[in-house]
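Undergrad: The listed protein sequences derive, respectively, from chains A and B.
Using this note's numbering, you'd call the opening residue of the first sequence number 662 and step up by one each time.
Using this note's numbering, you'd call the opening residue of the second sequence number 662 and step up by one each time.
FYI, nobody ran anything at the bench for these hints, they're computed from the structure.
Please note: incorrect hints may appear among the correct ones.
Each pair may be met inside one copy or between any two copies, as identical chains are not told apart.
Unchecked claim - When the alpha-carbon atoms are kept at most 30 Å apart in a straight line, the in silico DSSO-like pairs for lysine-lysine are as follows:
#1 Lys688 - Lys830
#2 Lys927 - Lys779
#3 Lys981 - Lys688
#4 Lys740 - Lys849
#5 Lys1036 - Lys782
#6 Lys941 - Lys830
#7 Lys882 - Lys842
#8 Lys885 - Lys927
#9 Lys913 - Lys941
#10 Lys845 - Lys790
#11 Lys842 - Lys1036
#12 Lys842 - Lys870
#13 Lys876 - Lys790
#14 Lys885 - Lys849
#15 Lys886 - Lys796
#16 Lys827 - Lys870
Each chain, written out:
Protein chains: 2
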Amino acid sequence: MIQVEQALSIIAENSTTMPVQKISVQKALGYILAETIYSPINMPPFRQSAMDGYAFIHSEKHQYDVIGISQAGDHTDIKLKENEAVRIFTGAFVPKDADTVVMQEHVMANENSILITKMPKQFTNVRAKGEQIVKEDVVFEANTLITPAAIGFLACLGITEVEVYKKPKVAILVTGNELVKAGKELPKGKIYESNSVMLQAALQTIGIKKVKSFKVKDNLKATKKALKNILPKFDIVLISGGISVGDYDFVKEALLENGVQELFYKINQKPGKPMFFGSKNETLVFALPGNPASSLTNFYIYVYPAIKNRMGFSDIHLPKLVRKLNTGFINTTGKTLFLKALYDETNVTILEGQSSAMLNTFAIANSLLIVPHDKESLKKDEQVTLLPIN
Amino acid sequence: MIQVEQALSIIAENSTTMPVQKISVQKALGYILAETIYSPINMPPFRQSAMDGYAFIHSEKHQYDVIGISQAGDHTDIKLKENEAVRIFTGAFVPKDADTVVMQEHVMANENSILITKMPKQFTNVRAKGEQIVKEDVVFEANTLITPAAIGFLACLGITEVEVYKKPKVAILVTGNELVKAGKELPKGKIYESNSVMLQAALQTIGIKKVKSFKVKDNLKATKKALKNILPKFDIVLISGGISVGDYDFVKEALLENGVQELFYKINQKPGKPMFFGSKNETLVFALPGNPASSLTNFYIYVYPAIKNRMGFSDIHLPKLVRKLNTGFINTTGKTLFLKALYDETNVTILEGQSSAMLNTFAIANSLLIVPHDKESLKKDEQVTLLPIN
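Just chain A, with the same shape it has in the complex (with noise of 0.2 Å):
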C-alpha cells in the first residue's frame, strides 16, 4: 500500500507523451501544440486603419479634397497630394503615401472635400504591417494549449493546420456478473450497472470522446481473452470492479498473463483504495473500484493527471483551491481523505453521506476535499485545500 503523494508520482512517471498528428485548427480545440508556429503573412498584412475617417498625408492644413474611397476589401492605388485625402474604413487599405487617418468624429465633410476640427498627431489610427507579428515571427511555440483564441490567431494568419498531440483512446472494461444494463427488467440480487456511463461522461468533460466500453463475465478465461483484444488498441484501459479482495486475483492473473506490468495496488487512502494501476508497452491499465463513488474519485485524482500528460498538458491535475472550513472535522483512519465538498467564493462545506457506494452526494458536490493521512483533525475556520470538478 502507498501514499497517495508516490502513487501520483508513478502515475506521472508512466505516462508517456501521446504520438504527434496534424489536425485541422477548426477542430484542435483543448490539443496541446507538438510544433513551434511561425507566421506565414505579416498581420496586418498591409497598412490597415483602426478607424472609419479620412486618410491623408498629414501637414498643417486642415482642408482637403476627398479624391477618392478605401473600404475594406479594397485595395486602391489611388496616389495623394499633399492636401487631398481618401474616405476609408476600419480595417480597410490605407493608400500608399498617407501617413494619418483623421477619425469621422473629427471632421466636417461635404461631398468632395473635408475639413478637420481636431488635427491628429502624425501616424495616428494607422496600423504598420506587421504590427501583431512579422512574417516568420513565432505565432506559439510549442506545448502551447489551443483556446478559442489561439484558433481565432491561427486562422487570421490563414494557418489551417497544425501538429498536436494526440488524444489517448480509451477503452471502459466492466466487470461484474451482478450488472444488468439500465432499460432491462431487475432480476433478484441484480444491480443496474452505471459506472461506464458515468467515466464516459467523466471522459467527456476532458475533451475524450473516442471511448469504447466492453462487458465481461466474471471469469479469468473471459477477462483474459477481452484484454488481450483490448489492450494493443489502446492508450488508456479503465476496469471498473473486480479489484477488491475477494475477486482481484483473477483480474490481477489475467493483466499479468497478457504482460501488464503491476506499478503500484491499494493506496492508502479513502474512498478509493483498491486500485491497481499498471502498464503494457504505452498503454496505462487502471483497474478502479467498483463502488460508483470510489471509481469517480479515482478517476478525478489519478485517470485525470494520466490523460493530461498523455496530451502534453503541463498542469496535469485538477487546481486546487484554499477555502476556509465550515465545520470541524476528525480524521481516525491515517488515510488520505477525499470528501464530497461544496465550496464558494470563501467557504466549503463538507457535505453528507460520504458513502464510497453512494453518488447522490457526489452528483450535488463542485469539489473533492483533501484531508492528508497525517491529518488527525480539521478545525472550523482552518484554510483547507480542495479541488473543483464539475
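For chain A, the structure is supplied; the task is to place chain B on it using the hints.
TA: Frame of chain A; chain B shown alone:
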C-alpha cells in the same frame, strides 16, 4: 450607450429558457434537468453485503458451519439456522435470516466452517434495502445540472431518459468583403476570416456543438435575405462585424426590416463597445464587433450568460475570482475595461498587448480582469476581480 451592468440585466431578462426535450441519460452531460426525477427502485434493491466475508445470524457463538455461498449477482433462498453462515462477497444478496456480515480478515476458515476471531456488532456490513434511496423518493430536483456523478446515479437506478432544457441552436453570420477563407491565397487589401472558427471554438467550450456559419456580402439586400433565412431557424444568432459606425446602419436596417427588436446598442466598455443586442420571438441576436479580441470578450461577457440562461442554468455568468494585482493600473477612459490577464493561486498580472485587433495576448491569457468604469486607478497589491477563461 449603456453600462455593462445594464447590458447584462437586459440580456438576462430577454433570454428565455429553451423548450424541453427527452434525452438519453448517456447524452445528458451538461444539460439542466427540466423535471424532478423520482426513483423507480430501492437502491440497493436488496440487503447487500458491504464486504467480502460471511453472513450469519448475530449471536454469542464464534463457530459456524458454512452451508452455502452468495456471490454478487446471485439470489439465494438459503435458510440459515443459528449456527450457520454463508460465504458472501461485496455487493451480494444477504440471505433472508442473516443480519450481520463478518469480514473475511476477522475469520479463521476451513472448508466447511469458520471461527470468528473478532466479532462484529449486530447489523455490521449489511447495507439496508433502500439505504441510498427509497423507491418514489426524489433523485434530483428540477433545474439540477447533470454531472458525471449524476449520470452515474441515474444509470444505477435504471433510468435511461430524462427531460432537459434543449441547447440553443446557434448561427454565426460573418460580414465583411475584406475576408478570405484560410487556405486560399490572400489578395491585396484582404485578410483571413477568423471570427467564425474562434466563436465556434468558444461555443464548444460550453457544450454548444450545433453551430452553423454563414457568410454574406457587405450589402443591405444580401444581409436582409441571409437574416430572413437564418432568424426563424436558430435560437441565437451571432453576427460578426458590420457593427461599427461606418457600416452599422445596413446591418441594423436588415435586422429591423426582419422584425428584430433593438434592445441595446453600444456599451460603455473597452474593448467591445460597438455591440448590438436584439430579439425576435425567442431568438436572440448579438451583432458582435468585427475586431477579434472585442468579439471574443463580448462572447464571454454577454453571449455566454445568454446561452447559460437559455439552457436553464441558475449561475449564468463566468465565475468570479479575486486576486492581488501585481502592478498598478490607470483607467482614464471612463469605460469598463476587460483586460487580458494571467492569474495564479494568489496574484494576477495584466498582460502587454490589449489592442482589440490582437488575439495573441488573448490566446495566452487565462482570465479577463475587470476594471469598473468609475474606477480611475488600481493600486499594486489591490484585490481585483477577474473572470477565468480557457
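Undergrad: Look at each hint and say if it fits the structure.
TA: Taking the hints in turn, this is what the structure says about them:
In this homomeric assembly, lysine 688 and lysine 830 come within 30 Å of each other (Cα to Cα) both inside a single copy, at 17 Å, and across copies, at 19 Å. In this assembly of identical chains, the alpha carbons of lysine 927 and lysine 779 lie at most 30 Å apart only when taken from different copies (24 Å versus 75 Å within one copy). In this assembly of identical chains, lysine 981 and lysine 688 lie within 30 Å of each other by CA distance both inside one copy and across copies; the values are 29 Å within and 29 Å between. Taking the closest pair of Cα atoms, lysine 740 and lysine 849 come within 30 Å of each other only across two copies (16 Å); inside a single copy the shortest separation is 89 Å, beyond that limit.
Taking the shortest Cα distances, lysine 1036 and lysine 782 sit within 30 Å of each other only across copies (28 Å), while inside one copy they are farther apart (65 Å). For the homomeric pair lysine 941 and lysine 830, the shortest alpha-carbon distance inside one copy (15 Å) is at most 30 Å, but the shortest distance between copies (44 Å) is not. For a Cα distance limit of 30 Å, the shortest separation of lysine 882 from lysine 842 inside one copy, 22 Å, qualifies, whereas the shortest one across copies, 56 Å, does not. In the homo-oligomer, the alpha carbons of lysine 885 and lysine 927 lie at most 30 Å apart inside one protomer (22 Å), although the nearest pairing across protomers, at 65 Å, exceeds that limit.
For the homomeric pair lysine 913 and lysine 941, the shortest alpha-carbon distance inside one copy (13 Å) is at most 30 Å, but the shortest distance between copies (61 Å) is not. For the homomeric pair lysine 845 and lysine 790, the shortest alpha-carbon distance between copies (20 Å) is at most 30 Å, but the shortest distance inside one copy (66 Å) is not. For the identical chains of this complex, lysine 842 and lysine 1036 are neighbours neither inside a copy (41 Å) nor across copies (59 Å), given an alpha-carbon limit of 30 Å. In this homomeric assembly, lysine 842 and lysine 870 come within 30 Å of each other (Cα to Cα) both inside a single copy, at 21 Å, and across copies, at 28 Å.
Taking the shortest alpha-carbon separations for lysine 876 and lysine 790, only the inter-copy value of 26 Å comes in at or below 30 Å, while the best intra-copy value is 60 Å. Taking the closest pair of Cα atoms, lysine 885 and lysine 849 come within 30 Å of each other only inside a single copy of the chain (28 Å); across copies the shortest separation is 64 Å, beyond that limit. In the homo-oligomer, the alpha carbons of lysine 886 and lysine 796 never lie at most 30 Å apart, since the shortest distance is 55 Å inside one protomer and 39 Å across protomers. For the homomeric pair lysine 827 and lysine 870, the shortest alpha-carbon distances inside one copy (12 Å) and between copies (21 Å) are both at most 30 Å.
When the structure is compared with the earlier hints, violations turn up for hints 11 and 15 and for no others.
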